[in-house]
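> Its first residue numbered 649, the sequence shown is counted upward by one per residue in our numbering.
These are computed hints drawn from the structure, not numbers from a lab.
Remember, it's a predicted structure, so these values are computed and weren't measured experimentally.
By construction, the Cβ of each residue, glycine as well, lies at the ideal position given by its N, Cα and C atoms.
Treat the hints with caution; some may be incorrect.
In silico PhoX-like links for lysine-lysine, alpha-carbon gap of 25 Å or less [said to hold, decoys possible]:
{"#": "1", "residue 1": "Lys750", "residue 2": "Lys791"}
{"#": "2", "residue 1": "Lys874", "residue 2": "Lys850"}
{"#": "3", "residue 1": "Lys726", "residue 2": "Lys703"}
{"#": "4", "residue 1": "Lys903", "residue 2": "Lys750"}
{"#": "5", "residue 1": "Lys750", "residue 2": "Lys705"}
{"#": "6", "residue 1": "Lys726", "residue 2": "Lys750"}
{"#": "7", "residue 1": "Lys705", "residue 2": "Lys671"}
{"#": "8", "residue 1": "Lys750", "residue 2": "Lys676"}
{"#": "9", "residue 1": "Lys750", "residue 2": "Lys671"}
{"#": "10", "residue 1": "Lys703", "residue 2": "Lys750"}
{"#": "11", "residue 1": "Lys731", "residue 2": "Lys817"}
{"#": "12", "residue 1": "Lys731", "residue 2": "Lys671"}
{"#": "13", "residue 1": "Lys817", "residue 2": "Lys726"}
{"#": "14", "residue 1": "Lys874", "residue 2": "Lys791"}
{"#": "15", "residue 1": "Lys726", "residue 2": "Lys705"}
{"#": "16", "residue 1": "Lys676", "residue 2": "Lys703"}
{"#": "17", "residue 1": "Lys817", "residue 2": "Lys791"}
{"#": "18", "residue 1": "Lys705", "residue 2": "Lys676"}
{"#": "19", "residue 1": "Lys874", "residue 2": "Lys817"}
{"#": "20", "residue 1": "Lys874", "residue 2": "Lys750"}
{"#": "21", "residue 1": "Lys750", "residue 2": "Lys731"}
{"#": "22", "residue 1": "Lys731", "residue 2": "Lys705"}
{"#": "23", "residue 1": "Lys703", "residue 2": "Lys671"}
Computed beta-carbon distance windows for the label pairs [what the hints assert, rightly or not]:
{"#": "24", "residue 1": "Glu949", "residue 2": "Pro919", "range": "15 to 21 Å"}
{"#": "25", "residue 1": "Glu697", "residue 2": "Leu730", "range": "22 to 28 Å"}
{"#": "26", "residue 1": "Pro823", "residue 2": "Pro908", "range": "22 to 28 Å"}
{"#": "27", "residue 1": "Arg696", "residue 2": "Leu953", "range": "33 to 39 Å"}
{"#": "28", "residue 1": "Gly669", "residue 2": "Leu690", "range": "24 to 30 Å"}
{"#": "29", "residue 1": "Leu690", "residue 2": "Arg668", "range": "25 to 31 Å"}
{"#": "30", "residue 1": "Glu950", "residue 2": "Ile751", "range": "38 to 44 Å"}
{"#": "31", "residue 1": "Thr923", "residue 2": "Ala660", "range": "47 to 53 Å"}
{"#": "32", "residue 1": "Ala660", "residue 2": "Ile790", "range": "25 to 31 Å"}
{"#": "33", "residue 1": "Leu962", "residue 2": "Thr923", "range": "18 to 24 Å"}
{"#": "34", "residue 1": "Arg733", "residue 2": "Arg928", "range": "15 to 21 Å"}
{"#": "35", "residue 1": "Leu962", "residue 2": "Arg928", "range": "23 to 29 Å"}
{"#": "36", "residue 1": "Ala728", "residue 2": "Leu690", "range": "37 to 43 Å"}
{"#": "37", "residue 1": "Thr920", "residue 2": "Asn673", "range": "42 to 48 Å"}
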Amino acid sequence: MANRDLLDRVYACIGTMRSRGDKLNVEKVAMTAGVARATLYLPDPDWREVRAVIKGKTSSRVKLVEIELAGASKVQRKVAELKERVANAEGELQALRRDAEKIYRKLVDQLQYYVALAAETPAKTANRAKQLKESGHDKQEIKQLRAEVALLQQQVRNGPTEPAALTTKRYITLPASSSWADTLASFMDQLAEVIPDEPVAKTIGAVYVLCGLPKAGKTTWATEHKSQVPGIALYIDGVVHTAEQRRFIADRLRKITNAPIHCVRVRADGPTCVTRSGRRHHGAAHIEAQHAIEMVAAEFEEVSLTEPFNSIVLA
649 MANRDLLDRV YACIGTMRSR GDKLNVEKVA MTAGVARATL YLPDPDWREV
699 RAVIKGKTSS RVKLVEIELA GASKVQRKVA ELKERVANAE GELQALRRDA
749 EKIYRKLVDQ LQYYVALAAE TPAKTANRAK QLKESGHDKQ EIKQLRAEVA
799 LLQQQVRNGP TEPAALTTKR YITLPASSSW ADTLASFMDQ LAEVIPDEPV
849 AKTIGAVYVL CGLPKAGKTT WATEHKSQVP GIALYIDGVV HTAEQRRFIA
899 DRLRKITNAP IHCVRVRADG PTCVTRSGRR HHGAAHIEAQ HAIEMVAAEF
949 EEVSLTEPFN SIVLA
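Let the hints inform the model, and build the full structure from the sequences given.
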């Protein structure tokens, strides 16, 4: 059970920061409350609730500190209303994810042969994509799910005579333009959502940590890749251009799974990535994207055999 004094201090800090209109994340709350960031990531139910409140979940334990304001404008009230709607949407999305994981665990326990996979998995995956779209989920994940449905349907048409392993894909997409602290927080949050408990972690068959320049084609590689290992194929899609970043991610994954962890080095060079960016961005946006690509290219540390991966895949 979590320490009550620490919990009260963190909730009080959340209330104060919300009253000031501060944008919340785990790192800022931990620093402001004087609590170690690792404490907020503990698997204890109380700390899970704290992380949910930081993301926007309402809680009776958060006492907003009264601050005298000159009078809220219509714009400020609208912002508060939108924040509440976003928090409710995130809660609904969490419920959808839990339902999807329950469905998947039942499939892992019950479906052993390809005929069961062909009959049910494409329909269930397509339904999950539809639910995510209706709840406003990120378009990229919907695109990846559709690609998975198409792959499964193609397997059905091919009709192999031998039983096939049941596999499914999960994606963690890291932000390309944020600081390492924000990237780390995003990784930890998404990992807790995608692999919420030990039973799900035990179904991981293989992990692929992708690294390369922005616009190198990492997402395309993950979408088209076909894992031959039964269970969850987990893809970490991000720049992760330093050995320290890759080592942290690999070490954190080792704590939850014994599955092999592979590093996928997508080798598109700087000029190629800049050209791809130019097809999508123009003017100032293109210049900003080009600058980001050049900065990562200048700081990029090549993957070596000393890093804690089971294998290195060159793509």
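> Each of the hints needs a verdict: does it hold here or not?
Hints, verified against the model:
1. For the proposed pair Lys750 and Lys791, the alpha carbon gap of about 22 Å is at most 25 Å, so the pair holds.
2. For the suggested pair Lys874 and Lys850, the alpha carbons sit about 20 Å apart, so the restraint of at most 25 Å is met.
3. Distance restraint check for Lys726 and Lys703: the Cα-Cα separation of roughly 19 Å lies within the 25 Å cut-off, and the hinted pair is therefore satisfied.
4. For the hint pairing Lys903 with Lys750, the CA-to-CA distance comes to about 23 Å; that is within 25 Å, so the pair holds.
5. Distance restraint check for Lys750 and Lys705: the Cα-Cα separation of roughly 23 Å lies within the 25 Å cut-off, and the hinted pair is therefore satisfied.
6. Distance check on the hinted pair: Lys726 and Lys750 sit about 37 Å apart at the alpha-carbon level, beyond 25 Å; violated.
7. Of the supplied pair hints, the one linking Lys705 and Lys671 holds, its CA atoms being roughly 14 Å apart against a limit of 25 Å.
8. With a C-alpha separation of about 33 Å, the suggested pair Lys750 and Lys676 falls outside the 25 Å cut-off, and the hint is violated.
9. A distance of roughly 33 Å separates the Cα atoms of Lys750 and Lys671; the hinted pair therefore is violated under the 25 Å criterion.
10. Taking the CA atoms of Lys703 and Lys750, the gap is near 23 Å; set against the 25 Å cutoff, the hint holds.
11. The suggested pairing of Lys731 with Lys817 is violated, with an alpha-carbon distance near 31 Å, which exceeds 25 Å.
12. Our distance criterion of 25 Å between C-alpha atoms is met by Lys731 and Lys671, whose separation comes to about 11 Å.
13. A C-alpha spacing of about 38 Å is found between Lys817 and Lys726, which places the hinted pair above 25 Å, so the restraint is violated.
14. Between Lys874 and Lys791 the CA atoms are separated by roughly 16 Å; this keeps the pair inside 25 Å, and the hint holds.
15. Our distance criterion of 25 Å between C-alpha atoms is met by Lys726 and Lys705, whose separation comes to about 18 Å.
16. Under the criterion of a C-alpha separation no larger than 25 Å, the hint pairing Lys676 with Lys703 is consistent with the structure, at around 12 Å.
17. Restraint check: the Cα-Cα separation between Lys817 and Lys791 comes to about 12 Å, which is no more than 25 Å; the hinted pair holds.
18. Between Lys705 and Lys676 the CA atoms are separated by roughly 17 Å; this keeps the pair inside 25 Å, and the hint holds.
19. At roughly 9 Å between alpha-carbon atoms, Lys874 and Lys817 fall within 25 Å of each other, so this suggested pair holds.
20. The straight-line distance between the Cα atoms of Lys874 and Lys750 is roughly 23 Å, inside the 25 Å bound, and the hint therefore holds.
21. Only pairs whose Cα atoms come within 25 Å are accepted, and Lys750 paired with Lys731 is rejected, the gap being roughly 29 Å.
22. For the proposed pair Lys731 and Lys705, the alpha carbon gap of about 10 Å is at most 25 Å, so the pair holds.
23. The straight-line distance between the Cα atoms of Lys703 and Lys671 is roughly 10 Å, inside the 25 Å bound, and the hint therefore holds.
24. Separated by about 20 Å at the C-beta atoms, Glu949 and Pro919 satisfy the suggested range of 15 to 21 Å.
25. Range check, Glu697 to Leu730: Cβ separation about 23 Å, and the 22 to 28 Å hint holds.
26. Checked against the hint of 22 to 28 Å, the C-beta distance between Pro823 and Pro908 comes to roughly 26 Å, which is consistent with it.
27. Separated by about 37 Å at the C-beta atoms, Arg696 and Leu953 satisfy the suggested range of 33 to 39 Å.
28. For the hinted restraint 24 to 30 Å between Gly669 and Leu690, the CB-CB distance of approximately 28 Å keeps it satisfied.
29. In this structure the supplied range 25 to 31 Å holds for Leu690 paired with Arg668, their Cβ-Cβ distance being about 26 Å.
30. One distance hint, 38 to 44 Å for the beta-carbon pair Glu950 and Ile751, holds here, with the actual separation near 41 Å.
31. Against the hinted window of 47 to 53 Å, the Cβ-Cβ separation of Thr923 and Ala660 comes to about 51 Å, which satisfies the hint.
32. Separated by about 39 Å at the C-beta atoms, Ala660 and Ile790 break the suggested range of 25 to 31 Å.
33. Leu962 and Thr923 have their C-beta atoms about 21 Å apart, which keeps the hinted 18 to 24 Å range intact.
34. Evaluation of the 15 to 21 Å hint for Arg733 and Arg928 yields a failure: the beta carbon distance comes to about 29 Å.
35. The hinted window of 23 to 29 Å between Leu962 and Arg928 holds, with their beta carbons roughly 26 Å apart.
36. One distance hint, 37 to 43 Å for the beta-carbon pair Ala728 and Leu690, is violated here, with the actual separation near 30 Å.
37. The hint said 42 to 48 Å for the Cβ distance between Thr920 and Asn673, and at roughly 33 Å that hint is violated.
Of the numbered hints given earlier, the model fails hints 6, 8, 9, 11, 13, 21, 32, 34, 36, 37; all others are met.
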